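Trainee: Use the sequences and the hints to build the structure in full.
Mapping of the sequence shown onto mature numbering (1 follows the signal peptide of the UniProt record, and there is no 0): residues -22 to -1, 1 to 214, in sequence order.
Check before you lean on any hint, since a few could be wrong.
To be verified - Here are the computed distance ranges between Cβ atoms for each label pair: (1) L49 to K78: 42 to 48 Å; (2) K208 to D153: 29 to 35 Å; (3) D189 to N75: 21 to 27 Å.
For the record, the hints were derived by calculation from the structure and aren't laboratory data. Keep in mind the model is a prediction, meaning the values are calculated, not measured. Yeah, the Cβ is synthetic: ideal placement off N, Cα and C, and Gly gets one too.
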Amino acid sequence: MKKMKPNLVFLVCLLITTFAFGQETETKKDSTVIYYLIGNDSILRTSLDLDEVVVTGKKSNKVDEDRKKFLLLQQRVIKVYPYAKVAADNLTKLNQNMGKFKTEREKKKYFKIVENYLENEFEEQLKKLSRKQGQILVKLIHRQTGKTTYTLVKDLKSGWKAFWASNTAKVFDIDLKEEYDPFTVTEDFLIESILIKAFNEGRLQRQPPADAIDYVELSRIWREKVQKVKDKQAEN
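Mentor: Here you go:
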């Protein structure tokens, strides 16, 4: 499990409240909500952690750096999610359809159609992604399907496997086996926070994860993680 850096406490505190709106269709502003405006983006936080501003005031440079890192992550997630949704849908359909073909001839014909789509449309879009964006793509595919990209393609032959193995992994230098785990991985929790906020604001089309996420429980777990880090800081 990846440890949460102390200077990320502020950022995680700032995002936990997103889950209070997790099942709402629209995020509403009220007197308890404060938005930090950075460029054209806003980061949601509430009065629950208002004192954190004072506590971390002496480390403003680190806080600002974390905000910038978060906004960069947000930009990547917003850009990659539509690709992940398409990739997840296609991978799922491909695996489902494979069982319908009885002969190798039928399978090869089907792969030809898929290969043409991937090379002429999807691959061109993927070329626009950076290595980090490609890794986020793999995580989101796991979120949408409940399976790693590697698992989805390992038993496939011909066009699709060749595309992912030789092109995607090579170009992005990404780990196709990486999983999405917002309950234990800080970055994944931040990604889920970004998605929920984007869904609520209508910036992204909502698509539930393959494995349901209990946002109340997720919020509770991260509150405990944050509190432990803060308690440890207080002891030093």
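Trainee: Now tell me, hint by hint, if it's right for this structure.
Mentor: Now the hints, each set against the structure:
The supplied range of 42 to 48 Å is met by L49 and K78, whose beta-carbon atoms lie about 45 Å from each other. The hint said 29 to 35 Å for the Cβ distance between K208 and D153, and at roughly 32 Å that hint holds. In this structure the hint that D189 and N75 lie 21 to 27 Å apart at CB holds, the actual value being about 23 Å.
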